[in-house]
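Dock chain U against the given chain S, drawing on the hints supplied.
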Amino acid sequence: MFDDFMVNTWIAATLVAGVAGVVGFFVVIRGASFAAHALPLSAFPGAAAANLVGVDQLIGVLAFSGFGVAGISQLGRRGRRDVATALSLVMLLGLGALFLSRTTEYFQAIYALLFGEVLGVGAQDLAPLAALSAVSIALTLALFRPLLLSSVSPELAETISVSPRVMEVLFLVVVALATAVALPVVGALLVFSLMVGPASAARTLTSRPLAGLFISAAISIVTVWASIALSFASDWPIGFFVGALSALGYLAGRTWAWVEIQGLSQFRRSR
Amino acid sequence: MLTRSEVLAVRQASVSLSGHPILKDIDFALNAGEFCGLIGANGSGKTTLLRTVLGFVMPTSGSVTMEAGGRASIGYVPQKFILDPYMPMRARDLVALGLDGNRLGVPLPSRGRRRKVDEMLEAVEATPFADQRIGSLSGGQQQRVLIAHALIRRPRLLLLDEPLANLDIRSVAGIVALLRRVSRELQTTVLLSAHDMNPLLSVMDRIVYLAHGRAATGAIDAVVRTEVLSRLYGYHIDVVRVHGRVLVVAAEGEGDAQTAIQRDPVHVAQVP
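Taken in sequence, the protein lines are chains S and U.
Position 264 of the first sequence, counted from 1, bears residue number 423 in the numbering used here, the numbering being contiguous throughout.
Position 183 of the second sequence, counted from 1, bears residue number 187 in the numbering used here, the numbering being contiguous throughout.
Chain S with its partners taken away, still in its complex shape:
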């Protein structure tokens, strides 16, 4: 499984996992899991549209992620964000159904968009993937403090001139970029599990914000590496392993937190 053609897969998977882990940290602490679920699904019709008009798939994914960001942030301005997210999602998914009905793509290509095609990464795919990954991670690290503060309390952020509205839009842009990186590799349905699972495990393992972000990326990368290896060995789909390992990581994190709290309360009692 370390043949030449697999090298691309390992590189691409590592990039995707790193981005998902870093961005996922903020998805989890902002309680934005639904947006992180909806954006990849909204971007999926973009890939179908790109195939239809004959442009690069990445362009379609980026464009539709952008529509998703605009929809969620504009509709969410006055009202509940979950409703805005759901409305944007169904509008774009509806378009997806239309595009897919017009396209001549066969089932396999659609399946890959939904569940990923990690073993099919070509050398020509790596450069744009690396560039987008670098931009998403750089943006997340640049916005680290304002994003963190506005996640704790929008009012505290506003007091020191950090606009919670601007932070929300920038955060969605980062999620959209991460989506564009990850969607062709792990698929629209699994981007989400890679963003939420490792990050929610990480936040139980440390009480330091920056450490949490890096631990999240590390867990995500290990999850993807293990999934590729297991998928290669078993011939089961990689998506299954990504989903299962993310969920296991989360459970392990919760168990760890529980043990820690139990230990702490016993320590307090004994004093």
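Treat the hints loosely; a few may be bogus.
On the chain U side, residues computed to face chain S include the following (Cβ under 10 Å) [stated by the list, open to error]:
#  : residue
1  : Leu58
2  : Met62
3  : Ala76
4  : Gly79
5  : Val81
6  : Phe85
7  : Asp88
8  : Arg94
9  : Leu101
10 : Asn106
11 : Val110
12 : Pro111
13 : Arg137
14 : Ala154
15 : Leu163
16 : Asp242
Across the chosen pairs, the derived CB separations fall in these ranges [what the hints assert, rightly or not]:
#  : chain 1 : residue 1 : chain 2 : residue 2 : range
17 : S       : Ala297    : U       : Asp209    : 48 to 56 Å
18 : U       : Phe60     : S       : Val242    : 20 to 28 Å
19 : S       : Leu407    : U       : Gly47     : 46 to 54 Å
20 : U       : Gly238    : S       : Val249    : 48 to 56 Å
21 : U       : Gln191    : S       : Val242    : 46 to 54 Å
22 : U       : Ser9      : S       : Ala416    : 49 to 57 Å
23 : U       : Gly222    : S       : Arg239    : 40 to 48 Å
24 : U       : Asp209    : S       : Val242    : 46 to 54 Å
25 : S       : Thr262    : U       : Gly109    : 40 to 48 Å
26 : S       : Gln283    : U       : Arg119    : 49 to 57 Å
27 : U       : Ser77     : S       : Ala416    : 46 to 54 Å
28 : U       : Phe85     : S       : Ala297    : 27 to 35 Å
Which chain U residues stay away from chain S? Per the calculated CB distances, all over 12 Å, these [unchecked claim]:
#  : residue
29 : Thr7
30 : Arg8
31 : Glu10
32 : Ala13
33 : Asp29
34 : Gly116
35 : Gln136
36 : Ser140
37 : Leu190
38 : Ser206
39 : Thr221
40 : Ile224
These aren't lab readings, by the way, just hints derived from the structure by calculation.
Where is the CB? At the ideal position from N, CA and C, for every residue including glycine.
The following block gives chain U in isolation, referenced to the frame of chain S:
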């Protein structure tokens, strides 16, 4: 315009939210280092007044003038909000965000930053739980951390929205004593909202008493009086002083007093 000793002047300010008038002709000024209680029942407009001072809400008429520096020299402790118990953030991280939470880039270890945070944690007596998760702290401990977050930039004016609500009696006394002490040490003017004025009687230099969107302001003894508050409420109330406490009591069946009593039993209590 501000006189030399004034930090904040609110002049004839009226505020409407989505077309509904909330505050009418509010007029008061705070001097440097003063401790002012913003007292009123729930829904009387306390939060709106604080948000107007912060510049989050614009007055529809009148003016709010801040000493040079504007919002940058205001610290704010918002009304109690729920902190996620799993949030990976220690008390010291939140205090540090008060210092540089608006800067770009990840926080790099710096001795100066660390020292400022440690000093602030010490000033609010939060050192023992500085490394605990904020979500795991008690209500009183969280208030101390939020006060440190607001004070670390050494603001000239500190606004606090109901910092004493939902705290046990001991924590209330602790937070009041802390605020009095830091406001003296740092020469910070404090404007604090509360629905019950009693824990603040010994520390307030000035009171802004809100009812029905209007305010009576001045020294406590000048404001908390039967005739002044009766005029403010628009019906007869009695100010009763008993066991060192002040009770604002409405006559039975008077105006909307009955609702006020039910809504806010501490602020408007009935005497048998």
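Checklist line | Numbers of the earlier hints that this structure fails to satisfy, in rising order | finding: 2, 16, 27, 35 and 36
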